[in-house]
Each structure stands twice: as C-alpha cells, then as structure tokens.
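Student: Between the sequences and the hints, there should be enough to build the whole structure, so can you do that?
The listed protein sequences derive, respectively, from chains A and B. First residue of the first sequence? That's 1 in our numbering, and the numbers climb one at a time after it. First residue of the second sequence? That's 1 in our numbering, and the numbers climb one at a time after it.
By construction, these hints were calculated from the structure, which means they are not laboratory data. Some hints could be false.
Said to hold, decoys possible - Per the computed footprint, the stretches of chain A lying under chain B, defined by three or more beta-carbons under 8 Å from a beta-carbon of chain B, are:
no., stretch
1, 135 to 146
2, 252 to 259
Unchecked claim - Straight-line C-alpha distance at most 27 Å; calculated DSS-like pairs for lysine-lysine:
no., chain 1, residue 1, chain 2, residue 2
3, A, K227, A, K307
4, A, K6, A, K412
5, B, K270, B, K241
6, A, K178, A, K266
7, B, K76, B, K107
8, A, K335, A, K266
9, A, K365, A, K412
10, A, K266, A, K227
11, B, K19, A, K168
12, B, K270, A, K168
13, A, K105, A, K6
14, B, K107, B, K241
15, A, K266, A, K39
16, A, K365, A, K335
17, A, K39, A, K6
18, B, K352, B, K19
19, A, K243, B, K78
20, B, K352, A, K168
21, A, K412, A, K243
22, B, K352, A, K178
23, A, K105, A, K39
24, A, K415, A, K243
25, A, K227, B, K241
26, A, K223, B, K242
27, A, K266, A, K412
28, A, K223, A, K168
29, A, K365, A, K227
30, A, K178, A, K227
31, A, K307, B, K19
32, B, K242, A, K227
33, B, K78, A, K307
34, B, K242, A, K168
35, A, K105, A, K168
Built from N, CA and C at the ideal position, the CB exists for glycine as well.
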Amino acid sequence: MSALDKPAPVNVARQHDVATALRAFLPAASVLFSAEDVKPYECDGLSAFRQMPMVVALPATEPEVQRVLQTCHRMQVPVVPRGAGTGLSGGALPLGDGVLLSLAKLMRIIEIDPLARTARVQPGVRNLAISEAAAVHGLYYAPDPSSQIACSIGGNVAENSGGMHCLKYGLTVHNVLKLRAYTVEGEFIEIGSDSLDAAGYDLLALLTGSEGLLAVITEVTVKLLPKPQRAQCVLAAFDDVEKAGQAVANIIAAGIIPAGLEMMDKITTGAVEPFVNAGYPLDAEAILLCESDGADEEVADEIERMKAVMHGSGAVEVRVSQSEAERVRFWAGRKAAFPAAGRVSPDYYCMDGTIPKRALPRVLKAIADLSLEYKLRCMNVFHAGDGNLHPLILYDANQPGELERTEEMGAKILKLSIDVGGTITGEHGVGVEKIDSMCDQFAAPELAMFHAVKRAFDDTGLLNPGKAVPTLHRCAEMGRMHVHAGQVAFPELPRF
Amino acid sequence: MDATIQQLAQTLRDASANKTPLRIVGGDTKDFYGNPCTGETLSTRAHRGIVEYEPTELVITARAGTPLAEIEAALKDKGQMLAFEPPHFSKSPPSPLTPLPHRGEGKSTLGGCIAAGLSGPRRPYAGAVRDLVLGVRILDGAGADLRFGGQVMKNVAGYDVSRLMAGAMGTLGVILEVSLKTLPLPATELTLHQQHNEVDAIRLMNEWAGQPLPISATAWCGGDLGIRLSGAASAVEAARKKLGGDVVDATQAATFWQGIRDHADPFFAKDETLWRLSVKSTAPAITLPGTQLIEWNGALRWLRTDASASDVRAAAQEAGGHATLFRHGKSEDGVFHPLSPTLAAIHRRLKKTFDPAGILNAGRLYPGM
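Tutor: If you want it as structure tokens, here you go:
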C-alpha cells in the first residue's frame, strides 16, 4: 500500500446506529465518534497513513470487550483492535466504516508470581511496566522493543515484537505462556497454559504476530527471567563496514551469544553523537556494540573473549564499559537513533528487513547505491546479531515527490532483503505498510493459505480486515504475483 | 522441485482425490505416540540430507527424512547443538503389533521430531522445539508445495505457520524441510546430585530458576535430585559452590540425562501406563497413586499410575496444565487432553484448511480430524 492512497470517508449513516448500540452498555465517554474526539486515533506509529475511524470504543473490562465484539458481529461492523498505538506498520490504522477497539483501558497488572516467574497482565499494560513491577523480585520481562516505555503488551503479542536482546532471550513468542482472548463473534478462548506447552495445535504461536486478525487479546501471561547479576558492553570501531560484518560472524563462530549485538554506520553515529555525547569514534565507518550479561564470572570471561574477537577481526578501537553509567552511555546513542533521525531530517521512513548476516556487505552496498540513485540520505542501524536491519530513509514530505521516492526506495530495500534469503519484516509487522511487499515474499498458494487460516478464526472477515495479507487480486494488479516453481494457487481459476 | 517431492505431491493429490487415508512415517520410532491412526504408509525417509548449514548464521536447514543423529553430528562438528535436546526413541523396539512393512529403521528423523513436538531436559532453559523452528516447507493435504517462515531469526511476515507444524502430529501437512536455530555447545557441563523430598525439590528448583544460575536441566525421582549446570567453566564452578551437593561422574551424568531424554532411564522401562503431566512449575505435589519423575523445574511430571484417565486429567488441569496419555494407555481414554468446544471448532477448521480431504494422519491428534 502507499501512503498516498486516499483515506476513505467515514460512514456517517451507520455511525449513529453503531454508537447507539455500543452506548447501550458502555458509558458515553467510552464511545467516541465526533471528529475532534476520534482524531487522536487516526493513525498509529506510522503517521504517513491516516484514516478517521467511524467510532472509537474504549471498553474497560473483559465483559465489555466481549459485548463490543458481539455487537459489531451482529451489526456486521469491522473491528480494528488497538493497543498503545505505537506500531510502525499501520496495523492499527482505523477504517472509515469500522469500530476502533482500544484496549488501552485494560491496564491492570493482575498478578506477579515470583516463584513461578510469571506475570499475568491486561493487554494495555506497558511493556516496561511489567519489568518495573517485577524488579522487586529480581525478575524482568525480556523482550524490549525500543518503544518499551510506551508500547503495550497486547500490541507486543499482536506484532510479535522484538528488541535489542532477542538473539539471546527471544522474541515475544518465546516469552508468552498464555492468552485470554475473544473471537470475532465474542466467544472466549484460552490459548496456551500456565505450563510450558498446551494440548492441540500451537495456537499461541499462531496468534502471536497475527496483527489482530485472528482474535482480540484481553489478558497475557508472560514469562519472567532472573535479572542478570551484571551487564557489560564492548564498543568496537571499524574502518570498514565489511570488517564489522565479519566481526559479527566471528563472535558467533567463537560460540558466543551476546545479550545484544548492534551495528551503526558512520552517518548514524554522526547524527546521534551531538545529542547523546556517547563518545563514539566519529571517523569509524561502523561501530559495534556487543553486550554480555549473566553471572559475574561468566561476564568477565565473555568480555575478554569478545575483546579478543574484535581485535582479531581488525577493530581499530575497542573499549569496554567500566561502569554501569558508561554502559548506559554506550547504548544511549543506539537508543537515540530514531529520535536523532527525526532531528536531522523533517521526516524519516524506517525499514525492517531481516537478512542472513553474510549478506550484510552486499545489502549495505546496495542501500548506498539506492541512496545515491534516489538522492535520499539513509542511516543504517542494525540488530546485527539476528540480521534485522533498520535503514532509516531521511526525507522531507513537504518536498514534492520525496515521499513517493522514499516509498519506492523502501520497497526496493525489502525486495533486496527477500532476494538475499531474508524477510520484509523482522519485528515491525506487515500492517498496511508492507502489504504489497508480501506479494514478493510469498507465492499465491501461500497467501491463499494465510487467508484460509484467517477464515478458520474469522469467517466473516470483520477483524482488522485488509491488513497483513494482501489479496491475490491486489498482488496480480500490482504485477507482483510471485510464482515459484511454476506453481499457482487454484490454477483452474481465471486470473483476470 | 526434485523427484522425491514430486512423487510425494502426486501421492497426496491422488490420496486427496480418492480420500485414501495416509499414515506419515519418518524413522517410525514414535509409533506408540498419539491416538491410533491407520492408512497407507507415506514414508519421508527418502527425502533426506542437510540442505544448508552455516554455523555463523546459527541456522541449519535439513530435509524431513534426515536422521536426527546425522544433524546432531554435523552441528557437534562445528561446536553447536539443537538446544531443545530432542528425544530419540530409537532404543524402543517396535511394537509386535506393528505390521512389518511399517517398521522403520529405528532412527528418529527430523520430520518426526518436529511433528511430535517433544523436547528434552534443556527445554525450560533453551526453549522447546517450536521455539527454535524458523521456517518450514510442507506439502499440504492437496499436495501444494508451501514455504513459511525462513532462515532468519526474526521474521513476522505472515502467520507463524512454521511453529504451528511443531506438535501437529503430521495432521496439517507433510513436512519436507525445516530450518532450525542452532546454539553453541556449552563450554562446560557438570551434574550435581542432592537428596530432597518432592515438596522441597519443587520449591528449590523454582527458587533456583529465579536466580541467574547456569542450570540447564533438573530431574527428581524418588528423593534424588539431579541438577545439570552448563556454561563457562567459571560460572559452572561458582554455581557448584553455591548449590552444593555431590558432583556426578561425567560419563554417568551423560548417560543419565540421555536416559531421561530418550526414555531409556529405568523409570520408563516398566509397562505401566505412563502419563505426561505438563503443569505450572510451582504446582503442589500431585497426590495420585503411582511413581513420578519430575523434570523442567517442576513443569513436567511423568507419572506411572493406574489412576483413571479422568482423575489424571483433573489433577493436571488443577495444576494449571494438561495431561497426555504417553504410553501403555487404554485407547478409549484418548491420548491428548480434551479441548474446549470453541478451541476444538477452531482446530477442526484449521485441519480442514490444510487438509480438506482429511487424509493426513487422521485421528492421530484428536478423533475426527
């Protein structure tokens, strides 16, 4: 989809009926429909896409969520679930004829069980709030997307969010035990269990990352981990991006799984340094941040091994954080990369492809070439350990044609990610943003299977329609029907 | 598409058209597991071999018929492992009731390992088989060749159909290829032995799991508690000092953990009905009659008992989990824990989605699907 696609008009005729039906059981203040009231919901973290919702519903309890779903199902109104609205792919973009179902009022931490190391929370609880509440027990919730101060756990599950520490501690899917959820008809389901697995198909994996298309989550039980005794970070500077990429491979080859392994290129360090004074070597072509955490003895050992690998890989400078303050300073620049992009450019567009690490030099070279071709600057930050690349294309939406050029360049980067054996999205989701690139990544029979999986949960197609999986028709119209091995789904069907 | 796949796909198309039930078989080492399922044998053994293994990417891709042992040897050669410690049930002789043509070569294959979805002692610390699955290539019931996921750690494009295949007992597709995340072998391993009663053992295992200790397996049986430590020598040594107990001879320890993993341990040798209770790790001691072996910090309780299926299922549910009739059970009791009506309906619709003719391992997971 393109941000330039026109928003749909709000269905004013139905608005009154739907709002009235919802106000039969929700307080008036929890059912919004006037333009000024619903304006804050017109977009999520991907602000290039905007659409006014027909009605916004703000239930505060599980039974209220259920009644919203039952009501919408009875009236055949599409429902778009929304958490904190920080998503970067437009997964919570409203519909002009739909109800935006905000789960933000379900924000209670129901229980922390320190001995079992679990937290049972409502979907509107912020990611960081779980770790804060668990801290007194020496525990924390591992997945830490960079928006963790604001993003909610319900949204994390819907998007299968990652973060800086995924390589060692996994994604959301690895850290969730159980969900309470409602189907589009408003029927209750419990997915997963308080144990480490559940009977039947792994619906927990299927729901995690399903972008709100299969069910609405009303409670999440997450796994908590013991806080490491100590964390220390190695900062290594390289005069060549390829050498930095090789150093990443060498770290893994040495049998080390770092707690975090991040790369920033020269444009990025140059952009962030003035804001955070992290002390980055600004003449380096790339820097790596490599973190070790765990028991004291283990970290001491691992840091020595990491240093040796960095030197052996040709680092021109290697520093080790000597205090917690210094470690935080090393990371401050990485964490400030997005805000810094916002300061050096009026607008930026963040990509999210994941690639095999060995393809890094090729991909970075190609991005540099595209940057010249499209006359757009690009900052590269990279979850190097797991191959998740975040090129930030800098542009100015007020310059005619720049947004179009940006989107085109972005799509080319995603295509490149697929071509080297990777994926169009590592952690931000498809949403509306990358829906056309799905036509490049999957063949028609696979897309058809995704639609069939959706129907197994939501036969009516009322739950977050139009997101995550493109229609075959759309792919065909885009001229991007991807056929591998000569296979087409339902070859007997005519194809326009 | 290579010839083996074409042949498998053709078999599926024909079986689908004729509604011929198929029984998918890899190494045929887990014939005992799941509900009885009949059908023409569809062997995946010919589709074997490692497709790609790049240690620095932490990913291995192999065909379904590849023996697990072959994969593990290739990984070990590069200092890596399958961290979920998959069981190899190769030691168990085929049941005399199994018709001869169905008896395999007695070697667990990758496909069977994924389809059964079983993980070994390291599971609570390093993840389950589903946690390490990155991508699959399958043939659905109609013979369509489909790929989901991929070969990278982080991938949220499309629904996570790859992990759905783990534990689906072959009812959703014939697995052709799997990509798995690999992890480095620990530098050192050491096993400690302590003596505790069941209640204390459950409490201690959970307390330790809440501390930054390099524990990689726990097993309690009849008053004996085994604790395996894995990691840097310094960290293992520090944990040994902290936890105390006798250090078990390394060879003996390796045999012990392998015995737990592969059910070669004497506990599993009896012909009594064996239940697998997956419960909340802190759940109080299960009070049913019989003998228990506890793993996973208390989250997995193997129970040999003659208690009724309904009593065992009720106890597991009360303990926050579910019970599987693992071996030597009565077929009328069903192997897997019953689902709620809403979830059962979703299961049936998913089955129909992937296997419209209902020919793949029909009934092996639940009756009628």
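Student: Please go over all the hints and tell whether each is borne out by the structure.
Tutor: The hints, checked one at a time:
1. 135 to 146: holds (count 3)
2. 252 to 259: n = 5 at 8 Å, threshold three: holds.
3. K227(A) with K307(A): holds (24 Å)
4. K6(A) with K412(A): Distance ~23 Å between K6(A) and K412(A) Cα, so the pair holds.
5. K270(B) with K241(B): violated (36 Å)
6. K178(A) with K266(A): violated (43 Å)
7. K76(B) with K107(B): holds (18 Å)
8. K335(A) with K266(A): Holds. K335(A) to K266(A) sits at ~16 Å (cutoff 27 Å).
9. K365(A) with K412(A): The hint holds at about 13 Å.
10. K266(A) with K227(A): violated (33 Å)
11. K19(B) with K168(A): Cα-Cα ~46 Å, so violated.
12. K270(B) with K168(A): violated (39 Å)
13. K105(A) with K6(A): Status violated; Cα separation ~31 Å.
14. K107(B) with K241(B): With a Cα-Cα distance of about 40 Å, the restraint between K107(B) and K241(B) is violated, given a limit of 27 Å.
15. K266(A) with K39(A): violated (39 Å)
16. K365(A) with K335(A): holds (24 Å)
17. K39(A) with K6(A): Within the cut-off at roughly 17 Å; holds.
18. K352(B) with K19(B): Distance ~13 Å between K352(B) and K19(B) Cα, so the pair holds.
19. K243(A) with K78(B): Holds. K243(A) to K78(B) sits at ~22 Å (cutoff 27 Å).
20. K352(B) with K168(A): It is violated: about 37 Å lies between the C-alpha atoms, which goes past 27 Å.
21. K412(A) with K243(A): holds (25 Å)
22. K352(B) with K178(A): Holds: K352(B) and K178(A) sit about 25 Å apart, inside 27 Å.
23. K105(A) with K39(A): holds (18 Å)
24. K415(A) with K243(A): With a Cα-Cα distance of about 25 Å, the restraint between K415(A) and K243(A) holds, given a limit of 27 Å.
25. K227(A) with K241(B): Satisfied, since the Cα-Cα distance of roughly 20 Å is no more than 27 Å.
26. K223(A) with K242(B): holds (25 Å)
27. K266(A) with K412(A): holds (22 Å)
28. K223(A) with K168(A): holds (15 Å)
29. K365(A) with K227(A): violated (39 Å)
30. K178(A) with K227(A): Holds, at about 22 Å.
31. K307(A) with K19(B): Status violated; Cα separation ~62 Å.
32. K242(B) with K227(A): Holds - the C-alpha atoms of K227(A) and K242(B) are around 17 Å apart, at most 27 Å.
33. K78(B) with K307(A): holds (22 Å)
34. K242(B) with K168(A): holds (24 Å)
35. K105(A) with K168(A): violated (32 Å)
The structure is inconsistent with the numbered hints 5, 6, 10, 11, 12, 13, 14, 15, 20, 29, 31, 35, although it conforms to all the rest.
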